[in-house]
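Asks: Given two chains presented individually in distinct reference frames, assemble the corresponding complex, making use of the accompanying hints.
In order, the protein sequence lines correspond to chains H and G. Letter by letter, the first sequence follows residues 1 to 376 of our numbering. Letter by letter, the second sequence follows residues 377 to 667 of our numbering.
What the hints contain is simulated information worked out from the structure, not anything from laboratory work. Keep in mind it's a predicted model, so treat the numbers as computed, not measured. The reader is advised that the hints may include incorrect statements.
[Stated by the list, open to error] Distance condition first, Cα-Cα at most 25 Å in a straight line; then the derived DMTMM-like pairs of lysine to aspartate or glutamate:
id	chain 1	residue 1	chain 2	residue 2
1	H	K72	H	D92
2	H	K268	G	E537
3	H	K348	H	D329
4	G	K500	H	E269
5	H	K275	G	E381
6	H	K268	G	E543
7	G	K500	H	D352
8	H	K275	G	D497
9	H	K319	H	E104
10	G	K601	G	E543
11	H	K275	H	D352
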Amino acid sequence: MKDKRLVPFAPIGSFFPGTPRMKFYMSRLFLPFLLVAALLAGCSGGAQPSGSGSTTAEASDTGLKPVEGKLKVALLTPGSVADSGWSKIAYDGLMAIKTELNAEVNNQEAMGAKVTDAMRSYAQQGYHLIIGHGFEYNAPGVKLAGDFPSTVFVSSSGGATASNAGAFRFYLEQGFYLAGQMAGLMSKSGVVAMIGGDDVPSIRSTFKAFKAGAESVQPSIRVIEQFTGSGADVPKAKQATLAAIDQGADFVIHQANQAAQGVFDAVKERTTSEKPIYAFGANENQNGNSSGVVIASAIIQPKAGFVALAKDVQAGTYKGGIRLVGMSDSFDGVPAIEFLVNPALSSKIPTDVRQQLDKTQISIIGGAFTVPKDEF
Amino acid sequence: MAALEFAANLLRYAAPVSIAALGESVSQKSGVINIGLEGQMLLAAFAATLVGSRTGNPWLALLAALLVGLVFAMIQGFFTLRLLVDQVVIGTAVNLFALGLTSTLFRVVFGQSGQLVSLPDLPKVFGPFDLGMVLLLPLAIGITWFLTRTKPGLALRGAGEYPAAVESAGYSVMGLRAGAIAFGGALAGLAGGYLAIASAGSFAENMTAGRGFVAIAMVTFGRWKPIWVFGASLLVGAAELTQFLLQAQAVGIPHQVFRAMPYVLALAVLVFVGKGTSVPMALGLPYRREK
Chain H
1 MKDKRLVPFA
11 PIGSFFPGTP
21 RMKFYMSRLF
31 LPFLLVAALL
41 AGCSGGAQPS
51 GSGSTTAEAS
61 DTGLKPVEGK
71 LKVALLTPGS
81 VADSGWSKIA
91 YDGLMAIKTE
101 LNAEVNNQEA
111 MGAKVTDAMR
121 SYAQQGYHLI
131 IGHGFEYNAP
141 GVKLAGDFPS
151 TVFVSSSGGA
161 TASNAGAFRF
171 YLEQGFYLAG
181 QMAGLMSKSG
191 VVAMIGGDDV
201 PSIRSTFKAF
211 KAGAESVQPS
221 IRVIEQFTGS
231 GADVPKAKQA
241 TLAAIDQGAD
251 FVIHQANQAA
261 QGVFDAVKER
271 TTSEKPIYAF
281 GANENQNGNS
291 SGVVIASAII
301 QPKAGFVALA
311 KDVQAGTYKG
321 GIRLVGMSDS
331 FDGVPAIEFL
341 VNPALSSKIP
351 TDVRQQLDKT
361 QISIIGGAFT
371 VPKDEF
Chain G
377 MAALEFAANL
387 LRYAAPVSIA
397 ALGESVSQKS
407 GVINIGLEGQ
417 MLLAAFAATL
427 VGSRTGNPWL
437 ALLAALLVGL
447 VFAMIQGFFT
457 LRLLVDQVVI
467 GTAVNLFALG
477 LTSTLFRVVF
487 GQSGQLVSLP
497 DLPKVFGPFD
507 LGMVLLLPLA
517 IGITWFLTRT
527 KPGLALRGAG
537 EYPAAVESAG
547 YSVMGLRAGA
557 IAFGGALAGL
567 AGGYLAIASA
577 GSFAENMTAG
587 RGFVAIAMVT
597 FGRWKPIWVF
607 GASLLVGAAE
617 LTQFLLQAQA
627 VGIPHQVFRA
637 MPYVLALAVL
647 VFVGKGTSVP
657 MALGLPYRRE
667 K
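Just chain G, with the same shape it has in the complex (with noise of 0.2 Å):
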């Protein structure tokens, strides 16, 4: 029981992190890579705690996350598609412009000097698990599927390796990015969402807190591979929730030590795995259809 209970408890603190990076796999396999992910959940985040509190359904409130991470990655995805825009300058742009917008918003609508915000939370449907936690690795398998065991997906997979090839098969290129940034983008408002309405049961202004960021270094960890970035995922989000553990029973240890120890677990892990290349070839690069 107890370690349902942890399970749940893990699934619940990384569940944010697990969503945007799954999003995010699946568009760096298409070659675009979102630096606006940690942007898009902030205000997918806010999104939800706008509708979350206003209506006190938290089903309403994660589809309005979803669609409000939607619609700013295809804002995204217009500059770096049609306008062929640096990828990490507009991501960084949506960074900043999400942090000022969601900053204002709460202050206009929860008032100048801020206050505490409770949020409705998931109804659970199997023990101590939400459906957001139950459909976590259904996601993750069924991504997976998708991109090694059907053509789209391997149309996509060629969008990030060598997109001439994919587009001279038939394809467009352009499509399948759009497809994988509006995927990822609503995976980015769902993740933001979650984190608000069930991670949290609340708002604080830069509340994503750089998890978008950590999304993107999970996609590295997982070797751009869905059930691994899912698993890099849980690993550091155990590893945060173990050094909250040790935090609270060592004495005279600083806790930056503690603090810092998810990541050099990362590091550590990596130092193993991270042998050979399984970037997508063409990540980040801009496509032009004649060259």
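If we strip away everything but chain H, and leave its shape as in the complex, we get (with noise of 0.2 Å):
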């Protein structure tokens, strides 16, 4: 499934603020005649930067007040929910709010043109929160904040708020920056690989953290990073990762969402107990894949962020804002990101190893040290 995440039209439509047809300026095939009406105008006003909202965010009458009866959340995605990847981990979080809060919840595939119409008539239909999962949901939510003051709307990433508009964002770059650390500290040929998918900033802003964490411990270090274009091409994720080890690419990383079984099977077809290969698990546990190669995983907690925001929701004290959710954030004990080792293969990592990468862990979560990131 194509990601829409990287579409730029979501914030130049919000250089438009008000207008009420959104979904024809946020087209593609607008886009032209936007810019060349913009320069008509002589950009007269109007244009101000959407990551500049934050100034709105005042703790005045909020209309927002705690929800009586049943919580009604709603999710958006930019792409399937079973791409093992960005949109299931909202998903999941979704089901979290669902088991957790006994809400009743919906979700749908909206993007481009189809956002704000999906976002309006969920308000209108009474959802108390509308999540949407990506930066493109952000402006949108915020102008539909002011016609719906008790629908609390966030977006996952972004940097518009409004009283009941926000974003929040999930730090997966402090997992990406331990794999690095590990794949650094462990990297026999002074290789290491990354293989991408769709080239989304999500994806380069965790590829840039992991670089980070190997370039770490080992500065000469050699980070391959490689697109296919596709987080659902399966035999091109497998051909990317094989040319990465026949570059002597010893631990490989990956953001190829359905495609990572590709990754791994490459992984699996190479390895050797004179050489052995290595992978890292992204977003989810991918531990015990079948092909017994993944030594830890760098995974997102959905209940954390999700569960949190929906109860404030409930409580009626959501503040607007932007929330980052990382190591540092848990709910029932279960932190928002985690680096987790696989037991079976935890025998193959040298304590030293291990050692440094909790003390690394230790420092993230204490704030002694901010794992780079990208704003997106």
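Replies: Below is the structure:
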């Protein structure tokens, strides 16, 4: 499934706040006309960057009250919730809200021109919380927040907020940094690889963190980066991984969604007892993968972010703003971001490597060290 | 040994497109363009996944894929041959239907939020080669022989050039085209099955990722000659593999440059070999007996 998070028109659409025909403005076809129109209008006013909207987050009378009766939560994703990656995380979070808070939930795939319509119809149906999973849902949410003051609009990442609209973002870079450090400490060949599906900002950001982690312990390490262009093309993910291994890579991390099996199978095909090659799981716990080559996984536990958010909405205490959910945030003792070692392969990890990783993790949780991340 | 490994890897990667393109070339020779190839492959890939993951038997999985490809091609054939529906329109409908159906069924069977699926691989029959890879070249030769050296082959080519003449010679154009569609569908099914079982060893929603359309392009690229179609598929497949090798070596060059490479190569080759017309004259045209 093609990930639409890259599509650039959502922020551009927000340059024209208050226009009722947002969905037309957000169509790809209209983009050139929009640019021309912007030039003709001399860019007079209106061109306020969407990222600076946080000024509106005043703690005034928000119109948000504790929810009476059943909490209703809606989720919009840019792609299939069966993608074993980005959209699946949100779906799992929604399911956690359903079971933990006994909420009524609904979800749909909506992107581009459909976003505003989908959000508005959920709001009209009386949903209390509408989550858009991606930065492109940020601007439409903030725009609709004025029309529906008793509905909360939250997007996964994004910069604009209002009293009843905002963003939250998982700090998966923390997990990728630890994976990078482990790869850097253990790589015998001095070459590690990252295999991506779609080239989107969220994936790029995690790859940068992995690279930073590897270079923090082995400055001269070579980090191969490959993109196949599709999170569904398993054979391509496999071939990209084989090519990286032929270049000497002995640790491979992925952001290939459903195509990840191709990455693991390629590693399995080339690993030998003299020259072992390992893979990292990403997004979800893939340590138990049948290939048997996943040494650890950098995972998102959506519960911590999603249920905490829904609880705030239920209690009427949601305040807007941008929430960063990382290793130090947890729900029921489960941190939002975890780096889990595969117990079946833990004997392959030297003690000093474990100690170093524990040290890094402690300083990340304690706030002494901040893992680099991109804003998107 | 390394060359053998590369050949096996290339065949494993390029086989789905090659098999589908060989079937499509027969179908196009008879005058039917199968735009629904992508959808038939995807449906077959899912069928193979379902059967393969349940039974653990790759051969049963391939058989299921073949049957699914055949059945959907025949349904499509009923629309194009009997009802004379526009071939491009019905093909597009099949593609949309296939994506929706396989995605929905995948979620029903493997959970609403999906999971990574691992499928049983085909056994190797000769060094690193499995049966599918070994049979590819004989298949291309066999199709060529049938089309150029047999009477039904000649009639089939006639159905794609000037169907009225074939009809007056006592052949049934509809029968010839139905046969070609069935053959193309069966190969599309095998291509989808091989994609899931051998090339990927897994299933993902929309996993064909354009391979059906690439296969249709390969038929044009190979000038409707099965051997050339096979060669074109291998060439583009090899360019894809080389692309990944270069991407892994180069630093600082955007990956999009490398990913465009196979298509640039295909275009460049077309510029040089694309002279003259070898398109079946009646390609895509519905045939009515009484005119």
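Asks: Straight-line Cα separation of K348/H and D329/H no greater than 25 Å?
Replies: Not satisfied, since the Cα-Cα distance of roughly 30 Å exceeds 25 Å.
Asks: Has the given pair, K268/H with E543/G, been kept, meaning a C-alpha gap of at most 25 Å?
Replies: 56 Å, violated
Asks: Straight-line Cα separation of K319/H and E104/H no greater than 25 Å?
Replies: 22 Å, holds
Asks: Run the distance test for K275/H versus E381/G: straight-line Cα separation, threshold 25 Å.
Replies: Roughly 19 Å between the alpha carbons, so the hint for K275/H and E381/G holds.
Asks: Against the 25 Å threshold, does the CA-CA distance of K275/H and D497/G hold or violate the hint?
Replies: Cα-Cα ~24 Å, so holds.
Asks: Would you mind confirming whether the straight-line C-alpha gap from K268/H to E537/G stays at or under 25 Å?
Replies: 50 Å, violated
Asks: Decide if the proposed pair is consistent with the structure: K500/G and D352/H, CA atoms, cutoff 25 Å inclusive.
Replies: Given that 25 Å is the threshold and the Cα spacing comes to 42 Å, the pair is violated.
Asks: Tell me if the straight-line CA distance from K72/H to D92/H falls inside 25 Å.
Replies: Holds, because 16 Å separates the two Cα atoms, which is no more than 25 Å.
Asks: Below or equal to 25 Å on CA atoms is what counts here, so check K500/G against E269/H.
Replies: 14 Å, holds
Asks: Between K275/H and D352/H, does the CA-CA distance stay at or below 25 Å?
Replies: 21 Å, holds
Asks: Given the hinted pair K601/G and E543/G, is their alpha-carbon gap at most 25 Å?
Replies: With Cα atoms ~24 Å apart, K601/G and E543/G stay inside 25 Å; holds.
Of the numbered hints given earlier, the model fails hints 2, 3, 6 and 7; all others are met.
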